[in-house]
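Protein sequence lines, in the order shown, are assigned to chains A and B. Position one of the first sequence corresponds to residue 1 (my numbering), numbered consecutively onward. Position one of the second sequence corresponds to residue 1001 (my numbering), numbered consecutively onward.
Please keep in mind that the hints were generated in silico from the structure rather than gathered at the bench. Quantities reported herein were computed from a predicted structural model and do not represent experimental measurements. It is possible that part of the hints are untrue.
Stated by the list, open to error - Only pairs whose alpha carbons sit at most 30 Å apart, straight line, appear in this in silico DSBU-like list of lysine-lysine: (1) B/Lys1166 with A/Lys123; (2) A/Lys148 with B/Lys1166; (3) A/Lys123 with A/Lys148.
As the list claims (entries may be wrong) - Stretches of chain A that chain B covers, calculated by requiring three or more beta carbons in the stretch to come under 8 Å of a beta carbon on chain B: (4) 70-76; (5) 99-113; (6) 187-201.
Think of the CB as a built atom: it goes at the ideal place given N, C-alpha and C, for glycine as much as any other residue.
Number of protein chains: 2
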Amino acid sequence: MSSEDGLTVTERTRLRRLREYGSHRRADLDAVLGAGFLCHLGVLVDGSPRVIPTGYGVDGDTLYLHGSVAARSLREAPQTEVCVTVTHLDGLVLARSVFEHSFGYRSAMVYGIPRLVTDPEEKLHGLRVLTGNCAPGQWDYARRPSRKELAATSLLALELTEASVKISDGPPDDGDSPDAALGLWAGTVPITTVYGRPLADPVLPPGIEPPEHIAALEGRTPGA
Amino acid sequence: MSSEDGLTVTERTRLRRLREYGSHRRADLDAVLGAGFLCHLGVLVDGSPRVIPTGYGVDGDTLYLHGSVAARSLREAPQTEVCVTVTHLDGLVLARSVFEHSFGYRSAMVYGIPRLVTDPEEKLHGLRVLTGNCAPGQWDYARRPSRKELAATSLLALELTEASVKISDGPPDDGDSPDAALGLWAGTVPITTVYGRPLADPVLPPGIEPPEHIAALEGRTPGA
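Just chain A, same shape as in the assembly:
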């Protein structure tokens, strides 16, 4: 193992492909994690992998994530590793050849043995971090969890020690290959994700407008 700027480089986080920009820099990891709030959590359940979409939030070196299935699998096999993957799809990379087609993306994979958060104070803190990332401003606006609700929530904590980041954002790389002579169009098609206009709950009494932190989301990109 070698280390570079805070993240441990192991066999599985070593980056193999050259056409992508791979990184073990903590700043790149923070950038990818900070640009979203939905991850795909891989856990072992009865010996087979299960991939669960769930929300997350980062506080310093700790990734907090929701997960009842994961919590259950963790209780059954406490020392089992998980993999948390966060992917931002940025576009299609359309090359001259089918073979060189790919996606523009930023992704991070975090590995480790998660900890089930049981201390009520840390749980409240972790949920605050998670809510702040998934729904900014709502922790201060909405009713906070009761003791009973807190007990009914499964929160996991994963330390940001073993991780890798991959970023692919260039044009197709067959522009200097013999295929360039084919005269075909090649380039990228960006993909963007944006918030739309807030839609009130149909049973909301008239006269209650969305607060500023919600109204301000419209037209913005999550995490931007």
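The hints should help you fit chain B onto chain A, whose structure is shown.
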């Protein structure tokens, strides 16, 4: 195990949570898979789960997906199950209480033992299906894979037999709870994903315009 409209219901695909709409209907699975092209593939590597973002395409009862890491793990442990998860994030569900916050989403999980596609004819067919889903029109427009490129591509096939679908698309469900009296705004904030304007490769000679199937993507939602 029981079966409903084509998909096998097992302990892990049985749907537990009531506030979401769960389904084992094949039509719902097809709808979720048909609305995207990026999945998260969970495989076992050295006994731990790894979650890899990759492209996919569906042909009848077969899900084809790219995956060199998965192919490697499959060679090492041929009878190991994988989990393929496809998630479409449709919005934030902002409730009166933090506890009732959630996401609007559509997701599918497909389980099974994948098959490494080695027959060149099926490989070509599978890649055509995959390309047709990820980059419609490009199979007929771009240069198709050579024999050598085909050999360098790892393609997996997974049968659509064991799967579950979850859809969450309503307003927050605390509109009839005591929290409704708090007078807080509650509702949803939609999240949409759209293609932007095609961006030519900087080394593309002038005068080559994007073909109609690429130009037509702008403003559209992937899979819509």
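- Can you take a look at whether the stretch 70-76 of chain A is actually covered by chain B? Rule is 3+ residues, C-beta closer than 8 Å. violated (count 0)
- Task: Examine the stretch 99-113 of chain A: at least three residues should have C-beta closer than 8 Å to a C-beta of chain B.
- Result: Result for this restraint: holds, n = 7.
- 30 Å Cα cutoff - pair A/Lys148, B/Lys1166: Roughly 26 Å separates the two Cα atoms, so the pair holds.
- Query: At a Cβ distance under 8 Å, does chain B reach at least three residues of the stretch 187-201 of chain A?
  - Reply: holds (count 15)
- Message: With the threshold set at 30 Å, check whether the alpha-carbon distance from B/Lys1166 to A/Lys123 stays at or below it.
- Response: Holds, at about 27 Å.
- Query: Are the Cα atoms of A/Lys123 and A/Lys148 separated by 30 Å or less?
  - Reply: 12 Å, holds
Going through the hint list in order, the structure does not satisfy hint 4, though it satisfies all others.
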